[in-house]
Amino acid sequence: MNARSATPVVLAPLLVACGLHATTGPAWVGRERMAWQMNGGVGTHAQRESGGVLGVRVGSVIDHGVVLKSGMVRGGYDAIVIPGWLVLQPGLDFGAGQPVRHVFDGVGAYGGGSFEVRWRYWTGDREPSFNLAFPAFDVVLGARSGVWMPPEHSNTTAPYFESAVDFGLRFGFGTDLTSPSQGETPRRVSLTPMPPLPSQGGTP
Amino acid sequence: MSRLVANLLALFTALFALGCGNLPAKTPLQPPPYTGESPGSFVVGTALVDITPPLHLSLYGHGPESRVATGVRLRLHCQVFVVSTGAEPIALVPCDLQSSSAALQRGVAALLADYGIPITADRIFIMATHTHAGPAHYFEARFYSGPFSSSIPSYDEEVKNFLARAVAEGIVRAFAAQAPACVGWSEVNVPDLSFNRSYVPFLANEGRDGSVTPVDQRLFVLRFDPRQPGARTCVADGPPLGVLAVYGMHPTGISHANELYHGDIFGFATRVATACLRNAKRDPINPSSALAVHDEDCDAEVGALDAGVLVGLANGVEGDVSPNVRFQSVPNARALGRRLGVEIAHAAAAIPTLDATGPFEHAYWELWFPSGRYDEAGHQLCPFGDLGVAAGGGAPDGPTRLRVLDAANPGYRLKLPAGMTEAERPCQGPKLGLRIGTKPDPLAFPQFGAISLIQVGPARFATAPAELTTMTGHRIRQVLEKRLGAERIAVVGLTNHYFQYVTTKEEYEYQYYEGASNLYGPHTAEFLAHHFDCLADWLNRKRGVAENVAAGATPAPRCSQPLAVNRLYRFEPHPKPQSSRMPEEEDGLSPLLLKAPGVSLSFEDGAPGWEMEFPRLPLTFSADHAKYRVVVLSWPSRAVVDDDDGSSLETSEASGGATWRVRWAPDLEARRAALCDQPFVLAVRGRFEFESRPFKLDCSFGKAKKQ
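Sequence order for the protein chains is A and B. Residue 0 is where the first sequence starts when you use numbering that gives the first Met the number 0, and the numbers rise one by one after that. Residue 0 is where the second sequence starts when you use numbering that gives the first Met the number 0, and the numbers rise one by one after that.
Take the hints with a grain of salt, since some may be wrong.
Said to hold, decoys possible - Some chain B residues close to chain A (C-beta under 7 Å, calculated; not the full set):
#1 VAL388
#2 PRO398
#3 ARG402
#4 ALA406
#5 GLY410
#6 TYR411
#7 ARG412
#8 LEU413
#9 LYS414
#10 LEU415
#11 ALA417
#12 LEU431
#13 ILE435
#14 THR437
Claimed, not checked - Covered by chain B, according to a simulated footprint, are these stretches of chain A (three or more residues, beta-carbon under 8 Å):
#15 40 to 48
#16 87 to 101
Unchecked claim - Here are the simulated distance ranges between beta carbons:
#17 B/LEU202 <-> A/ALA21: 24 to 34 Å
#18 B/VAL403 <-> A/GLY50: 55 to 65 Å
#19 B/MET419 <-> A/GLY51: 21 to 31 Å
#20 B/MET419 <-> A/TRP118: 50 to 60 Å
#21 B/VAL403 <-> A/HIS101: 23 to 33 Å
#22 A/TRP118 <-> B/PRO425: 16 to 26 Å
#23 B/PRO395 <-> A/GLY50: 29 to 39 Å
#24 A/ALA21 <-> B/PRO441: 31 to 41 Å
The set of hints was computed from the structure by calculation and includes no laboratory data. Quick caveat, the model's predicted, so the values are computed rather than measured. Positions of the beta carbon are idealized from the N, C-alpha and C atoms, including for glycine.
All chains, full assembly: derive it from the sequences and hints.
Take a look at the structure:
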């Protein structure tokens with residue numbers, strides 16, 4: 000196997016059902032006034048059967064420009080409600096950085112929960128097929144809530160609650176190269192006597 | 000509303016009229032006149048054309064496992080047989096290609112029209128041998144030029160034009176060479192050359208009884224002999240003019256790791272049959288006997304293939320038929336090819352009588368596959384062609400790396416969705432479509448393909464644009480024998496267009512490689528059989544042999560749909576423009592200055608070969624025999640003892656393309672006495688001429704091995 004032909008084999012498992020998303024929405028921290036946030040990230044998604052997912056997200060605030068605020072790792076579970084159409088994703092977020100408003104100095108830690116609804120607007124996945132590669136386009140609506148913990152030696156040591164609502168788009172990529180099987184290979188133990196045909200109710 | 004309907008009808012009629020029409024020939028030529036010929040006498044012309052392309056194109060047949068061509072093992076050929084009885088000639092053209100394409104067939108027809116040759120596309124029959132070591136890039140269907148088609152996915156107009164020019168040139172030459180001839184026809188059984196590689200699905204066929212063997216072992220041979228103008232009989236006392244044979248088998252005797260152009264088992268077989276028949280003679284003591292073929296004659300050096308008897312070999316019912324080789328290798332392919340070639344020669348030589356006159360007709364029908372009706376009740380094929388994921392793993396002869404996935408292995412079936420019964424499955428049944436993108440692409444696979452019935456004297460051919468499994472071929476033949484009241488019909492696959500495999504419905508259910516490669520759903524075999532039945536019925540009515548014609552009644556057509564026989568769909572290839580892979584001609588080449596290269600012995604696939612290396616030559620040279628030719632000369636007499644028209648000389652790149660290597664690997668099993676311990680030189684002729692140092696063919700390794 001040369002390097003050229005090995006490349007897709009190596010890359011394929013890494014690229015199974017992942018996507019790039021961009022969302023925006025209002026966020027609140029403590030008693031501060033609302034800030035308008037914008038998030039971008041990359042993460043996996045469940046494609047054919049419900050399962051765990053993992054992703055990263057970078058958060059920013061629109062305030063006389065885009066100001067990077069935080070980075071988060073997100074672990075969750077994609078519950079496929081309507082295959083190919085609707086996915087619910089509860090998850091946990093852990094991150095570092097700053098809340099959407101400046102309420103403490105330094106780099107704080109974040110922990111929280113989130114909930115996301117994804118409606119797949121466009122996909123090649125709504126009929127039985129083994130897709131070697133296909134794009135998908137989701138509309139995303141999400142909400143999260145969590146706690147910021149200021150660093151030591153900050154101006155305050157009190158935790159701050161932060162909540163946000165997001166909506167946006169997700170551009171996904173999928174492949175069935177390592178996805179859960181949609182079919183089966185029935186095993187035959189003997190050729191004689193002949194089993195009934197599949198069309199007659201038998202299995203080959 | 001009625002006005003709207005009328006307008007729609009008018010629009011539909013106009014579109015139909017635009018879509019179907021005969022291609023006009025410009026300034027048609029006429030076959031050469033022969034005085035004293037009886038009406039209906041056969042005239043036949045033959046020609047051999049070399050279609051070996053330049054190097055560095057992708058090979059085609061093993062999907063993404065196909066390699067890029069870096070050399071030539073057997074030059075690729077088309078054998079052209081132009082046959083007529085004075086008008087409406089047809090061209091039967093077996094070619095060393097994996098398959099044909101509409102782009103190629105129409106390209107040839109367009110060139111013939113420009114040349115003024117009155118052979119339109121409906122009378123051109125390009126019959127691919129199905130070698131998996133021919134070039135890619137001439138398929139207009141997107142999947143056949145897409146990411147999983149070959150190692151260099153692309154459609155290349157220049158490759159298509161190269162092949163079309165070569166085939167058209169052959170037809171022109173054969174057309175001009177037409178001369179009075181006789182024809183003979185033979186069918187023999189040739190067992191043990193092949194086996195059914197998808198036996199489990201084959202066993203599942205309904206109606207299978209002892210009369211249906213797992214492989215179709217029939218070898219059909221159409222023989223043409225020269226005839227004196229005006230003569231009513233042939234004095235067949237010498238080698239025939241040409242032989243067109245049909246045998247069903249995947250000619251995949253050499254593995255997908257190969258990087259050289261070659262015709263595989265069929266390429267070896269035609270060379271051996273040619274050698275056999277060139278030396279065939281009647282018994283001088285018993286002149287009424289058939290030609291005698293002696294096996295030892297079959298091992299003689301072939302010499303110039305374009306002189307003397309021409310042997311073409313088309314592929315028959317071969318969808319699930321693999322060659323019976325212990326493992327894939329050049330020696331094994333050569334050995335099986337030799338056996339097949341000898342059988343062809345024996346069958347051709349044994350034809351007792353040849354006729355100067357006889358029935359001559361053809362019916363060609365282009366079928367539209369998407370949603371095509373496969374019975375009179377109006378049931379339809381699937382609207383889109385789709386390749387099953389189980390096809391992605393390749394056949395046992397050429398597995399791909401996708402077999403690491405369970406889904407890409409034979410027998411992988413789509414799970415039945417909850418609440419659905421088998422009868423309610425979608426059109427493609429248990430096939431799980433192998434896709435790239437978001438939805439089925441209607442242009443991914445061909446949409447129309449032609450079937451035809453051809454009769455040349457006693458010979459009958461039924462051609463199909465696909466690889467037919469054994470049972471599919473059997474059912475088609477059953478339909479035709481019943482409708483035409485004739486036997487000994489040669490079913491030829493892979494003709495003019497390529498729809499991959501056609502399996503029976505029972506075989507399709509199992510989703511082995513062939514079933515997963517059956518594009519338009521489980522009823523494709525019924526579709527073909529139904530349309531063959533319609534076409535045979537059309538021929539019957541055209542001849543007026545139906546019983547009720549004698550009674551003064553108009554025979555009722557077998558099929559309710561209109562038959563656009565001998566008419567053509569309007570065709571425009573729709574590939575995206577691609578930069579061509581065809582290398583440019585190199586002008587102003589400096590002389591090749593080199594000392595006579597030495598020759599060394601090496602073993603490949605266990606077979607010995609003597610090879611020399613020299614500086615690389617332009618890639619286009621492999622396509623031009625006038626510029627590059629390899630011969631083996633005896634030393635010191637310099638008589639030609641072998642050349643690259645035969646099956647023993649290979650040219651390939653070496654040292655990463657920096658040099659070329661010529662390798663001579665004669666069949667020492669057959670020619671040991673003539674070659675061993677004799678001195679030879681390898682020589683290149685053409686644009687540059689040079690010779691190796693003399694070397695002696697030391698076969699002592701063989702003796703040591705035997706001890």
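Tested hints:
About 4 Å separates the beta-carbon of B/VAL388 from the nearest beta-carbon of chain A, less than 7 Å, and the hint is met. Nearest Cβ of chain A to the Cβ of B/PRO398: about 14 Å, over the 7 Å cut. The hint is violated. Among the interface hints, the one on B/ARG402 is violated; its C-beta lies about 12 Å from the nearest C-beta in chain A, farther than the 7 Å criterion. The beta carbon of B/ALA406 is positioned within 7 Å of a beta carbon in chain A (closest approach about 6 Å), and the interface hint is therefore held.
Taken as an interface hint, B/GLY410 checks out: its beta carbon lies about 5 Å from the nearest beta carbon of chain A, inside 7 Å. Of the supplied interface hints, the one on B/TYR411 holds, with its beta-carbon coming within about 5 Å of a beta-carbon of chain A, less than 7 Å. Checking B/ARG412 against chain A by beta carbon gives a least distance of about 5 Å; that is within 7 Å, so the hint holds. Annotation: interface hint on B/LEU413 holds; nearest CB of chain A at approximately 5 Å, less than 7 Å.
With a cut of 7 Å, the hint placing B/LYS414 at the interface with chain A holds, because the nearest CB-to-CB distance is about 6 Å. Hint status for B/LEU415: violated, given a least beta-carbon distance of 9 Å to chain A, over 7 Å. Because the beta carbon of B/ALA417 sits about 11 Å from the nearest beta carbon in chain A, more than 7 Å, this interface hint is broken. Hint status for B/LEU431 relative to chain A: holds, with the closest Cβ pair at about 5 Å, below 7 Å.
A cut of 7 Å between beta carbons decides the hint on B/ILE435: the least distance to chain A is about 5 Å, and the hint holds. Here the hint on B/THR437 is kept, as its CB sits about 3 Å from the closest CB of chain A, short of 7 Å. Look at the region 40 to 48 of chain A against chain B: 0 of its residues bring a Cβ nearer than 8 Å to a Cβ of that chain, fewer than three, so the hint is violated. Counting residues of the region 87 to 101 of chain A whose CB lies closer than 8 Å to any CB of chain B gives 0, so the stated coverage by that chain is violated, three being the minimum.
Separated by about 56 Å at the C-beta atoms, B/LEU202 and A/ALA21 break the suggested range of 24 to 34 Å. For the hinted restraint 55 to 65 Å between B/VAL403 and A/GLY50, the CB-CB distance of approximately 22 Å leaves it violated. In this structure, B/MET419 and A/GLY51 meet the distance hint of 21 to 31 Å, their C-beta atoms being roughly 29 Å apart. Taken as a hint, the range 50 to 60 Å is violated for the pair B/MET419 and A/TRP118, whose Cβ atoms sit roughly 25 Å apart.
Against the hinted window of 23 to 33 Å, the Cβ-Cβ separation of B/VAL403 and A/HIS101 comes to about 53 Å, which falls outside the hint. Checking the proposed 16 to 26 Å range against A/TRP118 and B/PRO425 shows it holds: the Cβ atoms sit about 25 Å from each other. Distance hint check: the CB atoms of B/PRO395 and A/GLY50 are about 35 Å apart, consistent with the given range 29 to 39 Å. The hinted window of 31 to 41 Å between A/ALA21 and B/PRO441 holds, with their beta carbons roughly 34 Å apart.
Taken one by one, the earlier hints fail for this structure at numbers 2, 3, 10, 11, 15, 16, 17, 18, 20 and 21, listed in ascending order.
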